[in-house]
Every structure is written in C-alpha cells, then in structure tokens.
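S.K.: Using the hints provided, position chain B relative to the given structure of chain A.
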Amino acid sequence: MEKILVGLKRVVDYNVRVRVRSDGSGVETDGVKMSINPFDEIALEEALRIKERGDAAEVIVVSIGNSDARQQLRTGLAMGADRAILVETDEETDPLSSARVLLEIVNREHPGLVLLGKQAIDNDNNQTGQMLAALWGRPQATFASELVLDGNLAKVTREIDVGLESIEVDLPAVVTTDLRLNEPRYVKLPDIMKAKKKPLEQIPLAELNIEASARISEIAFALPEQRQKGIMVDDVAGLVAALQDKGLL
Amino acid sequence: MTRILLVAEHDGTTINPSTAKCVTCASELPDAEIHVAVLAEDGASLASEVAGLTSVDKVIQVDNPANSYPVAAILAPQIVAIADGYSHVFGPSTTFGKDLMPRVAALLGVNQISDIMSVLGSHCFRRPIYAGNAIVTVEAPAGQPVVATVRTASYASAADGGSASIEAVSVDADLPGHTRFIELRSGKSDRPDLQTAAKVVSGGRALGSAENFDLIYKLADALGAGVGASRAAVDAGYVPNEMQVGQTGKIIAPKLYIAIGISGAIQHLTGIKDAGTIVAINKDGEAPIFEIADIGLVGDLFKIVPELEAAISS
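Line by line, the protein sequences are chains A and B.
Letter 238 of the first sequence, counting from 1, is numbered 238 in my numbering, and no numbers are missing.
Letter 127 of the second sequence, counting from 1, is numbered 127 in my numbering, and no numbers are missing.
It is worth saying that the hints were derived from the structure and are not from the lab.
Predicted model, so just to flag it, every value in this text is computed and none were measured.
Mixed in with the good hints there might be a few duds.
[To be verified] No more than 30 Å apart at the CA atoms, straight line, and that leaves these computed lysine-lysine pairs for DSBU-like: (1) Lys188/B <-> Lys155/A; (2) Lys199/B <-> Lys229/A; (3) Lys218/B <-> Lys273/B; (4) Lys303/B <-> Lys229/A; (5) Lys246/A <-> Lys273/B; (6) Lys255/B <-> Lys246/A; (7) Lys246/A <-> Lys303/B; (8) Lys255/B <-> Lys229/A; (9) Lys283/B <-> Lys246/A; (10) Lys198/A <-> Lys33/A; (11) Lys229/A <-> Lys283/B; (12) Lys218/B <-> Lys229/A; (13) Lys273/B <-> Lys33/A; (14) Lys229/A <-> Lys273/B; (15) Lys218/B <-> Lys246/A; (16) Lys33/A <-> Lys188/A; (17) Lys246/A <-> Lys199/B; (18) Lys33/A <-> Lys196/A; (19) Lys273/B <-> Lys303/B; (20) Lys303/B <-> Lys283/B.
Just chain A, same shape as in the assembly (with noise of 0.2 Å):
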C-alpha cells in the first residue's frame, strides 16, 4: 500500500501519578510530562514495521491539539515516521470530533491502513478508531495483538474477553492496537537530529469545517475511594485465621 496513517495523542506520561485539582475541576496538568499515548506508539511501531517489510511506501503521524504536540509528532518522525500533520486547536476536541477530524485527513490522503491506540490512558474512553470506522463505513479491527498483511486484505488477532479472535477484514480498515502487538523502538540521538528536518504540516481545524459535535460535559472531578492498608499477618496460620475471622473460607 502507499501510506499508513497513524495518529497520536499527547497525554499525561504513563509513569506520572496523576493528581485531582483541589476545587475538583480538573486534573493536574501544567508541569507534568507528557509523552505519546502507548498504545499510539504501538500503532507506530507498527506502521513502521510494515513499511520497512516493504509493505507500504509512507508512514503519516497526525495528531489532533495545540502546538505543544508538535514534540509528540516530531517524536513519531523520530522513530521513523515520513511526515507528520498537527490539526491545529486550543481544544481538547471529544471522540467523535476526533474521528470527523482524522476522516478528514483519511480523505485527503487515502491511507491503505489507519492504524491508531485502543484507547488514550487519560480519559480512557476507547471509542475514537471505532466511530471513525464507522464514520468511513470501513472494517474496523480494535485490539489487535497481530496483524499480518495479505494483498488487499488484513488478518487481525484480536484479544478479547474470552480469548483470542482472529478476523479478516477488507482494506482500507481501522487497526486499534492492544499492548502486545509489539515493543516499540527507542529513538536515537541522530535520529532525533534527522527528525527536525522532516515535514511537519499545521492546518488549523478551523479549515478542515468539521461539523459541531454536541459535547459530553465534565461537570466535577474527584478522587476515587481510597482502600486502606489493613493488616500483617506473620505466617499461612495467620493468614488461615484472618480469612477465617471474615468468613472468607
């Protein structure tokens, strides 16, 4: 195929424990790391690997938010990616949003495959590669633990509840990764160097007349319940005895 998109999202870093504001509007942001959702740079690995099988010609990061994800994108170039494209907006746009604004781009750039992260780990909503599949009226293939390609076709392992699916869907399709697919590579210093000099377009998502979605609203933010430390116990006797003492055996 000739080109692969895949999009990333720049969120709070995995390793950050994120902190509730204390008037409950938020969570901490400013000053934290941000990096590229992991399970987008799964779907990046991805697309790379691909490309350097000979299986596609061009890989295309995009991402949708300020001008702050540019170092996400630049990132992506990194690690290999051709070029990137930053749908430009001060805000955070909602899933189906993000799906209109990612078919936009699908139809201006007709990739083979789109392959993007099951879902993004700050809001955690796992919908966006479904409704843009939907949007596309194109097969759909989310959490994909294997992905092998065959002419105009894509065999997907799926990991599911009950075990693992395997499909075989048409392409173009939407790929949405699960957390074994790959091991995504590090960046290298030169490459970092190389990255710089690679195309990276900004529209403004003003340009692209996406139609208004009607936001879910985020009216309080709090902590969750917080379980307590309970007891020690020295030995299995112990451990029997407490159980015991909870009606638990």
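M.R.: Leaving out everything else, chain B in the frame of chain A:
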C-alpha cells in the same frame, strides 16, 4: 420516561453475565423502561433467558444468520435501525461492548459515555479516568440519544424472576461483508469465570514460569476460585491474555482476591479496587500491593502457597 435499549452480550448459547449487570445499572435511571436487544442467529432461548431477568420490560429478538458471531460492523447498523424512539442505548464495558458501542454512537452522530460506574440522573453519570485515579461526573447533552457502556464490576446482577414479553423483529439494514470472523481460540476451563467468580487467585511475574503457575491453579481449585494474572505474567507467556486483570485487562469485583507474586502496579490495582477483601503474598515487604491489601503476608510464595493450599484442603 426514560426508554433504554440495552444490547445483550452472548456466545450464541448463553447470555453473558455482563447483561444482567447492565440491567441493574439501567434500572437506576429514573422511570426506566428497559428493552433488551438480542441479536443472534437463532435467539429464541437467549431471548427467554433475558426475559427472566427482573426489571426487563421487553426483549427484542433479532434473528439473522449474519449474527452467528458478533462482529461490530454487522451488529451496529441493526442496532441503529431499532434504536429509534429510545432515549438511551447501553451496552457492557466488556471487549464486546467496547468494540461495538462507539460504532453505534458514531452512526447515531453522538459521543459515548464509557464505563458508567454510577447513575446520578437520566443524563448524569460518574466514570473513571486516568486508570481510575480520578472520577469524573459527566452530563450528556439533552435532546439526543445517550449511548453508553456500563462498567460491569460496579453493579450486581439483576435477579431472575422477571417475565418480560419477547418481540421478534426483522431488521432491514445494509450489512457489510468487509469484516469476516475466522476463529476463536479460547482456553476452555472448568474453573469459575474470572469476571463473575466470588473468589479469584492471581499470579504475577514472580511465579517465574508457566509450569510454576500450577501452584496458583492448585490453590484456586482448593478454594473454588477463578484464576487471574498480572500483565507481567501474561507478557512473559506464563498464561493466556484472557486472564489479565487490570486497566487494559479485566476489571473484577470478587469477594476475595488473592494476589500472589504481584507487586501491584497502578494499572493492576485499577482492576481490583472493587474487590471485597484483598490478600497479598509477596517476598518484597515494600511492594505497593501491601498499601491496599486487607491482609498481607511477606515471604516466599513457593513455600507459602503449597502450605496455604494444604491448610485449606484439610
């Protein structure tokens, strides 16, 4: 009146327990009238199973050979075709519902509320974000259908004892042929199902090998428990993916959860925070799992687990 269309999950033979949990969630909406859609190849017995759940007002049976196996791209247009007149369309937050419901939402032109954990009103819900490290109260816009998935670990199952009517409906929708099911590889087991078991024993990377995981199975069998695992144990190939507990695996709420050789990464803890009693067995006394465990035991699992199994069996 709140009219809720709930999409049933099943394997062609039996209704998945996630459906009865979604019914409980739906019944908490004000003035809820609950209709459950059963899309199957031949859904007669599935429909009567659902009709027996309390709070269900009607079962809509949509039979079609194309529904012999659940494929989101095939189910979604059929659900959209029958969704007219409903204020809400719900499904479970299992891999079945996570795959399907956003496709339904997009075809209806609305955003989705993922993982409802509590109901505050007909359009107001609470849901977890950031792997459960924050809880957000959300409000869906008025005047359009509310499409949502239900975090099943937050709800008890609706009881049997209902007697809803069953209506067979034929749906006229264009079904795509671009997505084809090939096969399902599933580690069949006689043990209690991980997602509904009252007791669960889970093992982590510290087990060291697939063979050593036998220790976990034996203890689970002595307890009549289901078996789970940490992501590290699945990644290492000790056990199959369907056993993973956590943010990207299964979210569970057993009465008793025993974590063995699991350090307690935040993503794992997300999957067990609704458990009744959490027991941790780990050789590292500083492991984060002990911060949330109700009962902790520091020591060598290879000694402790056989001892515990013997004590329970005797």
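S.K.: Look at each hint and say if it fits the structure.
M.R.: Hints, one by one, checked against the model:
1. Lys188/B <-> Lys155/A: The hint holds at about 24 Å.
2. Lys199/B <-> Lys229/A: Since the Cα atoms of Lys199/B and Lys229/A sit roughly 20 Å apart, the hinted pair holds (cutoff 30 Å).
3. Lys218/B <-> Lys273/B: Within the cut-off at roughly 25 Å; holds.
4. Lys303/B <-> Lys229/A: holds, 24 Å
5. Lys246/A <-> Lys273/B: Cα-Cα ~18 Å, so holds.
6. Lys255/B <-> Lys246/A: holds, 10 Å
7. Lys246/A <-> Lys303/B: holds, 24 Å
8. Lys255/B <-> Lys229/A: holds, 17 Å
9. Lys283/B <-> Lys246/A: Holds, at about 24 Å.
10. Lys198/A <-> Lys33/A: holds, 24 Å
11. Lys229/A <-> Lys283/B: Within the cut-off at roughly 17 Å; holds.
12. Lys218/B <-> Lys229/A: holds, 28 Å
13. Lys273/B <-> Lys33/A: holds, 26 Å
14. Lys229/A <-> Lys273/B: holds, 13 Å
15. Lys218/B <-> Lys246/A: Since the Cα atoms of Lys218/B and Lys246/A sit roughly 22 Å apart, the hinted pair holds (cutoff 30 Å).
16. Lys33/A <-> Lys188/A: holds, 20 Å
17. Lys246/A <-> Lys199/B: Holds, because 13 Å separates the two Cα atoms, which is no more than 30 Å.
18. Lys33/A <-> Lys196/A: holds, 21 Å
19. Lys273/B <-> Lys303/B: Holds. Lys273/B to Lys303/B sits at ~27 Å (cutoff 30 Å).
20. Lys303/B <-> Lys283/B: holds, 11 Å
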